[in-house]
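A.B. asks: Top to bottom, those sequences are chains S and E. The first sequence begins at 1 in our numbering and counts up by one. The second sequence begins at 284 in our numbering and counts up by one.
You may find that some hints are simply not true.
Below, simulated BS3-like cross-link-like pairs (lysine-lysine); rule was C-alpha separation at most 30 Å, straight line [claimed, not checked]:
id: 1; chain 1: S; residue 1: K161; chain 2: E; residue 2: K291
id: 2; chain 1: S; residue 1: K42; chain 2: E; residue 2: K291
id: 3; chain 1: E; residue 1: K480; chain 2: S; residue 2: K161
id: 4; chain 1: E; residue 1: K383; chain 2: E; residue 2: K362
id: 5; chain 1: S; residue 1: K16; chain 2: S; residue 2: K69
id: 6; chain 1: S; residue 1: K16; chain 2: E; residue 2: K444
Rather than coming from a laboratory, the hints here were simulated on the basis of the structure.
2 protein chains.
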Amino acid sequence: MRVIDTVKEMQETADKLRGEKRIGFVPTMGFLHEGHLALVRKARELADVTVASIFVNPIQFGPTEDLAKYPRDLDRDMKLLEQEKTDILFYPPYDEMYPKGYTTYVQVRGLEDYLCGQTRKGHFVGVATVVAKLFNMVKPHIAVFGQKDYQQLTIIERMVKDLNMDVRIIPYPTVREEGGLAMSSRNTYLSSAERQKALLIYASIKRLQELVKTGETDSLLLKEEARRLLASENGVNIEYVSISDPETLEEVDSVKDRAVYAVAVRIGKTRLIDNAMLGGGVT
Amino acid sequence: MRVIDTVKEMQETADKLRGEKRIGFVPTMGFLHEGHLALVRKARELADVTVASIFVNPIQFGPTEDLAKYPRDLDRDMKLLEQEKTDILFYPPYDEMYPKGYTTYVQVRGLEDYLCGQTRKGHFVGVATVVAKLFNMVKPHIAVFGQKDYQQLTIIERMVKDLNMDVRIIPYPTVREEGGLAMSSRNTYLSSAERQKALLIYASIKRLQELVKTGETDSLLLKEEARRLLASENGVNIEYVSISDPETLEEVDSVKDRAVYAVAVRIGKTRLIDNAMLGGGVT
Numbered sequence: 001m002r003v004i005d006t007v008k009e010m011q012e013t014a015d016k017l018r019g020e021k022r023i024g025f026v027p028t029m030g031f032l033h034e035g036h037l038a039l040v041r042k043a044r045e046l047a048d049v050t051v052a053s054i055f056v057n058p059i060q061f062g063p064t065e066d067l068a069k070y071p072r073d074l075d076r077d078m079k080l081l082e083q084e085k086t087d088i089l090f091y092p093p094y095d096e097m098y099p100k101g102y103t104t105y106v107q108v109r110g111l112e113d114y115l116c117g118q119t120r121k122g123h124f125v126g127v128a129t130v131v132a133k134l135f136n137m138v139k140p141h142i143a144v145f146g147q148k149d150y151q152q153l154t155i156i157e158r159m160v161k162d163l164n165m166d167v168r169i170i171p172y173p174t175v176r177e178e179g180g181l182a183m184s185s186r187n188t189y190l191s192s193a194e195r196q197k198a199l200l201i202y203a204s205i206k207r208l209q210e211l212v213k214t215g216e217t218d219s220l221l222l223k224e225e226a227r228r229l230l231a232s233e234n235g236v237n238i239e240y241v242s243i244s245d246p247e248t249l250e251e252v253d254s255v256k257d258r259a260v261y262a263v264a265v266r267i268g269k270t271r272l273i274d275n276a277m278l279g280g281g282v283t
Numbered sequence: 284m285r286v287i288d289t290v291k292e293m294q295e296t297a298d299k300l301r302g303e304k305r306i307g308f309v310p311t312m313g314f315l316h317e318g319h320l321a322l323v324r325k326a327r328e329l330a331d332v333t334v335a336s337i338f339v340n341p342i343q344f345g346p347t348e349d350l351a352k353y354p355r356d357l358d359r360d361m362k363l364l365e366q367e368k369t370d371i372l373f374y375p376p377y378d379e380m381y382p383k384g385y386t387t388y389v390q391v392r393g394l395e396d397y398l399c400g401q402t403r404k405g406h407f408v409g410v411a412t413v414v415a416k417l418f419n420m421v422k423p424h425i426a427v428f429g430q431k432d433y434q435q436l437t438i439i440e441r442m443v444k445d446l447n448m449d450v451r452i453i454p455y456p457t458v459r460e461e462g463g464l465a466m467s468s469r470n471t472y473l474s475s476a477e478r479q480k481a482l483l484i485y486a487s488i489k490r491l492q493e494l495v496k497t498g499e500t501d502s503l504l505l506k507e508e509a510r511r512l513l514a515s516e517n518g519v520n521i522e523y524v525s526i527s528d529p530e531t532l533e534e535v536d537s538v539k540d541r542a543v544y545a546v547a548v549r550i551g552k553t554r555l556i557d558n559a560m561l562g563g564g565v566t
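Excised from the complex, chain S in its bound form (with noise of 0.2 Å):
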């Protein structure tokens, strides 16, 4: 595996390997696991020549968020990047990214208003800007985003399609530890008995998936349903429960075709989301 890690050398490497390869790149924030190596092995079956990048991005943090003790492990990473026959590691310093008189940011209006934007303000600017930057240092054909960041993947997406970026943004399913839990960096945080809560999370998918299986359409019913299974143990604190439309995230009052059920609770420090279709033939 090659490391690159500086801007210049990504992009005349990219320049020269897009006239005859196709670029898959898989953006991360490092400490990889296995949700992330899954879009790696996308990313591979889908192109020539596979780039992941790890960078921990500090302008998609707030101020009170984890950045300073976000999980990091670059020699497990790369290890794991190798096993994976990843052709290239892209690792920018933090210089490069952002020098001295950066003011630049990409908005993507409303989509970032919802679900988690409410609580993490300025969160999305910081993940649409970074991603159009490693996208203009990568170039790549095709790249690929977990499901698991619903709403940073409907906003990627919308990002890519207003602002023509010539890349095509490949959704893949969000990865699941045994009992369900969507595999997260964070998910080290968790102790075991707040990882056994936790699992509350994919209980709450299932059972909603299965209430509009069975006909129920109402979204505030769905949602208390929820709320009321999430709370049936102490200490799983509810920041969000959302029923919304999969392209405008916008509440939706009834599950008529398909939407989208999203969530964020805490437990103890740590903050977990998942989410899941409901409806539209979803098992």
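Chain E: place on chain S using the hints.
C.D. replies: Just chain E now, kept in the frame of chain S:
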């Protein structure tokens, strides 16, 4: 000259070209004049393939501005571009530029607030956004922008640097009519009496450059002199007179090294802007 009028064809063409040739780009809103043609010639000089685009970008016009009556003459523009041996005219349709649900904007914070940004709210978000889009379509190695729109040029340069767009911005000196009036598509609105008054703008530039050359550094005094000169005929309404830092566009108290004198006036219904460098050995 090849005319391309879909985003898809432009991107496929650019992708093919980019491997072998250097692409030079001049984005315009049409109604071309000698100022634009000088940019095209510069692009031809620096690149192998020259692309000019014509698109009157609605999102950079305010609700009370002159979008509907902005002058257009595609046939004439095409003839002029042919004469300059332009290789490709890119003429994207509105529906492909801003489809239903469009919601993504590029903000170059801070730089947008000064000079024209004070009265033209949202203008430079519109400019940065459309240029980002056009760059993603045309994929140029270089793009030529006139110094006449100094704030626009500064914002584009900052955006390109911040978002790591792989394109080099080439600034081109303001092209002037006999008497010194900066070329602009909007000059076509001026009556001959108004055109005469408009010469005061260039007179104020020459006067300030002369004062600085002879040792004057006090911005307040220089700006007063500019205002006095511009007001020496009736019907020249000053919108702003500014002496600012060439990169941050912040007002400076004194012209120590280099500073930009920028001016916007209204003559009748026509808004005219101009600028020039003061100090730093400019003659």
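A.B. asks: Just to be careful, I want the Cα atoms of S/K42 and E/K291 compared with a cutoff of 30 Å; is the pair within it?
C.D. replies: 25 Å, holds
A.B. asks: CA of E/K480 to CA of S/K161, is that 30 Å or under?
C.D. replies: 46 Å, violated
A.B. asks: Need the status of pair E/K383, E/K362: alpha-carbon distance at most 30 Å?
C.D. replies: 33 Å, violated
A.B. asks: When you check the alpha-carbon spacing of S/K161 and E/K291, does it fall within 30 Å?
C.D. replies: Holds: S/K161 and E/K291 sit about 12 Å apart, inside 30 Å.
A.B. asks: Does the structure keep S/K16 and E/K444 at a Cα separation of 30 Å or less?
C.D. replies: Given that 30 Å is the threshold and the Cα spacing comes to 21 Å, the pair holds.
A.B. asks: Does the structure keep S/K16 and S/K69 at a Cα separation of 30 Å or less?
C.D. replies: Not satisfied, since the Cα-Cα distance of roughly 37 Å exceeds 30 Å.
Of the hints listed earlier, those the structure fails to meet are numbers 3, 4, 5, in rising order.
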